[in-house]
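Asker: Sequence:
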Amino acid sequence: NDVAYPITTDKGYMKVKVPLNFFVDGKALNEKVLLKSTDGTLSAISHVMTDTHVTLNLKQAGTFVFAEPNVVFNDIDKLSTKEEVLYLANRQIIKGKDVGVFDPHAEITRAQFARMISRALGLVPSDAEVPFTDVRGKDYAKDVQALYEAGITTGKTATTFDPQGTVTRQQAALIMKRILKYAEIDTAAITANTNFKDANKMSKEVLEAVGLLNSLDIMTGNTEREFMPAGHLTRSHMAKILKRTLGVAELM
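The number in the working numbering is simply the position in the sequence shown, starting from 1, with 5 added.
Derived from the structure by calculation, the hints contain no laboratory data.
The reader is advised that the hints may include incorrect statements.
Think about it this way: if two alpha-carbon atoms lie no more than 27 Å apart in a straight line, the pair counts; the simulated BS3-like pairs of lysine-lysine are [what the hints assert, rightly or not]:
#1 41 - 22
#2 186 - 245
#3 186 - 41
#4 20 - 147
#5 16 - 41
#6 206 - 161
#7 209 - 245
#8 245 - 206
#9 37 - 20
#10 147 - 102
#11 83 - 100
#12 64 - 245
Let the sequences and hints guide you as you build the complete structure.
Answerer: Now the structure itself:
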């Protein structure tokens with residue numbers, strides 16, 4: 006009756022499946038990237054595209070456009086993760102340090118980590134004040150808050166997040182597992198592969214997460230069967246594990 010009602014998704018998504026021929030004007034849309042357009046600014050939108058249709062995972066309404074994948078970084082040509090970096094960069098999930106510069110070997114900070122994941126999942130924070138005093142007023146405060154409310158990240162203490170702190174491999178493993186849980190991916194039948202020489206350096210919770218991600222080929226160890234849980238995550242490695250997690254979670 007011409008009445009609009011708000012839709013609340015909470016921790017879920019409203020999935021909208023649209024045939025590509027709905028958009029077709031002779032262009033190969035499956036070779037483009039789908040983005041959200043807000044007042045001319047493009048941002049990430051969680052979606053999965055096939056040769057015939059695109060499924061959008063929405064938290065809120067918006068205007069969505071197809072764009073050319075045109076991001077160029079001059080410092081990633083020799084990287085094994087080049088494909089993952091460009092995939093996420095073209096979808097506005099990760100950003101470069103400068104024009105043409107990705108800085109792949111730099112260690113990623115907790116604030117950068119939060120921003121990437123929040124963009125990828127399309128999270129929308131509540132109007133509540135972020136509990137971490139050391140991120141209030143920062144441009145990434147809403148991203149940290151959104152991840153905290155989704156149960157994907159925690160603070161260093163009840164009131165601090167340590168935004169400039171670096172991310173270890175074991176911390177990354179815990180967060181990737183929480184993303185799968187948030188996406189309601191059933192992993193109960195997957196046998197965790199925990200065959201690492203340094204398994205005794207990990208807590209039970211970390212080892213469970215690491216074993217699951219190893220079995221899913223999201224995070225693996227080195228050729229010596231070492232996971233190196235205390236090792237720090239680089240921007241290059243982050244692109245690899247985030248893209249693989251989003252794929253398993255059917256979010257991108």
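Asker: Which hint numbers does the structure go against, in order from smallest to largest?
Answerer: none
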